[in-house]
Amino acid sequence: GENVEQHPSTLSVQEGDSAVIKCTYSDSASNYFPWYKQELGKGPQLIIDIRSNVGEKKDQRIAVTLNKTAKHFSLHITETQPEDSAVYFCAASYSGNTPLVFGKGTRLSVIA
Amino acid sequence: DARVTQTPRHKVTEMGQEVTMRCQPILGHNTVFWYRQTMMQGLELLAYFRNRAPLDDSGMPKDRFSAEMPDATLATLKIQPSEPRDSAVYFCASAAGGYGYTFGSGTRLTVV
Numbered sequence: 058g059e060n061v062e063q064h065p066s067t068l069s070v071q072e073g074d075s076a077v078i079k080c081t082y083s084d085s086a087s088n089y090f091p092w093y094k095q096e097l098g099k100g101p102q103l104i105i106d107i108r109s110n111v112g113e114k115k116d117q118r119i120a121v122t123l124n125k126t127a128k129h130f131s132l133h134i135t136e137t138q139p140e141d142s143a144v145y146f147c148a149a150s151y152s153g154n155t156p157l158v159f160g161k162g163t164r165l166s167v168i169a
Numbered sequence: 009d010a011r012v013t014q015t016p017r018h019k020v021t022e023m024g025q026e027v028t029m030r031c032q033p034i035l036g037h038n039t040v041f042w043y044r045q046t047m048m049q050g051l052e053l054l055a056y057f058r059n060r061a062p063l064d065d066s067g068m069p070k071d072r073f074s075a076e077m078p079d080a081t082l083a084t085l086k087i088q089p090s091e092p093r094d095s096a097v098y099f100c101a102s103a104a105g106g107y108g109y110t111f112g113s114g115t116r117l118t119v120v
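Just so you know, the protein sequences line up as chains A and B, in that order.
Converting from the first sequence to this note's numbering requires adding 57 to each position, the first position being numbered 1.
Converting from the second sequence to this note's numbering requires adding 8 to each position, the first position being numbered 1.
The set of hints was computed from the structure by calculation and includes no laboratory data.
Heads up, some of the hints might be wrong.
As the list claims (entries may be wrong) - With a straight-line cut-off of 20 angstroms between C-alpha atoms, the simulated DMTMM-like cross-links for lysine to aspartate or glutamate are:
#1 A:K99 with A:D141
#2 A:K125 with A:D106
#3 A:K114 with A:E136
#4 A:K114 with A:E72
#5 B:K86 with B:D9
#6 A:K94 with B:E52
#7 A:K161 with B:D94
#8 A:K161 with B:E52
#9 A:K99 with B:D9
#10 B:K70 with B:E91
#11 A:K161 with A:E59
#12 A:K94 with A:D116
#13 A:K79 with A:E62
#14 A:K94 with B:D9
#15 A:K99 with B:E22
#16 A:K94 with A:E113
#17 B:K70 with B:E52
All chains, please: the whole structure from these sequences, using the hints.
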């Protein structure tokens, strides 16, 4: 089955700097890669996703890149703000027909 | 915004007791997932349903866990008997097909 590895487990950045979180997956058939943000006491919330027919997707300060050959994808957050502090999860599935398999999460702290 | 509703939010119970967690998926979503979140294992899939039919419950300890969807507006997860190692946050998520999961706020279970 699919296995998703996520790095780093914790990340601290200064406000205004960029943050990058990386994930690798094992199943070459996977083609859907969402990212979720989880704030304290809440459920994970979808922030951006990418499908394997594109290599990059951007939404304001957030971007995701995908390298299918290397089987890795990354989340990029620019101009970080204190409200970006949360736990971020990457995930992977095949065409949405198999359940998402999640990485272990990255705790991002943005220091004002 | 449409949301997934989970009850109860918190549950403290004694070892050996039955626990029932409930989930109301978003109206129109045909796929419902149960995930368990722990510090050590992260987000693990327990079971999921599509159009109310169970598709996979291989992530659940069969002898004590059961998941059902008595109708399209209700999914339940039961643990009987509960054990201390079941202490975790249990999330329900729903989706239209396999994309764009919406998670509930979770049930924090403590078994003493």
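Task: Unsatisfied constraints (hint numbers, rising) - done: 4, 5 and 15
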